[in-house]
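Model the full structure from these sequences, guided by the hints.
Residue numbering for the sequence shown follows the numbering used here, starting at 1 and increasing by one per position.
It should be emphasised that the hints constitute simulated quantities derived from the structure, not laboratory data.
Any given hint might turn out to be false.
EDC-like, lysine to aspartate or glutamate: derived pairs with alpha carbons at most 16 Å apart [said to hold, decoys possible]: (1) K99 - E66; (2) K123 - E18; (3) K108 - E14; (4) K123 - E20; (5) K113 - E14; (6) K113 - E66.
Distance ranges between label pairs, derived from CB positions [unchecked claim]: (7) D89 - Q23: 30 to 38 Å; (8) H92 - L128: 33 to 41 Å; (9) I39 - E14: 20 to 28 Å; (10) K113 - G73: 31 to 39 Å; (11) Y44 - Q101: 13 to 21 Å.
By construction, the Cβ of each residue, glycine as well, lies at the ideal position given by its N, Cα and C atoms.
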Amino acid sequence: MIEDNPADVRLMIEAIREAELDQLATSRYAYDGDEALAILDSAYNVGESFHMILLDLNMPKINGKELLGRIKGDARFADIPVFIMTNSDYKHDMIDCYKLQANAYIQKPTDFKRLIDFFIAVKKSLELNHRLSVFQIEMSYEEMKVAV
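What follows is the structure, encoded as structure tokens:
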């Protein structure tokens, strides 16, 4: 998770716990793009891999779009699914991110229950596929929205 707002990080950590995703996966956090690149580099050097990256767009140092371009442009990390999770509802941000090969673009839920639902969808994907399926996550997440 690459997020510069400590309050959002705390909410996401709590939502991950509530969804019991923390029982299947370990989370790592970076507060800016430089820190994120350092974490990715060091993990790669010791053979650690990531199942997904949650990326905020508005960050200091390296903004989310630039970081997305660097991640997807690096052969070591290009296959890691990157989910943009942002407050931005600007259509051009979404288009730019998909052009930079983001796997999904999600507006940060304003409701804590919806955030938990997102992480439940991630957990289901890992349990069913032993890896992330972007399609399955988006489908499960939308199904939970309709069920409310």
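Here's how the hints hold up against the structure:
no., hint, in the structure
1, K99 - E66, "holds, 12 Å"
2, K123 - E18, "holds, 11 Å"
3, K108 - E14, "holds, 15 Å"
4, K123 - E20, "holds, 8 Å"
5, K113 - E14, "holds, 11 Å"
6, K113 - E66, "violated, 30 Å"
7, D89 - Q23: 30 to 38 Å, "holds, 33 Å"
8, H92 - L128: 33 to 41 Å, "holds, 34 Å"
9, I39 - E14: 20 to 28 Å, "holds, 21 Å"
10, K113 - G73: 31 to 39 Å, "holds, 36 Å"
11, Y44 - Q101: 13 to 21 Å, "holds, 19 Å"
Figure legend: structure checked against the earlier numbered hints; the only hint not met is number 6.
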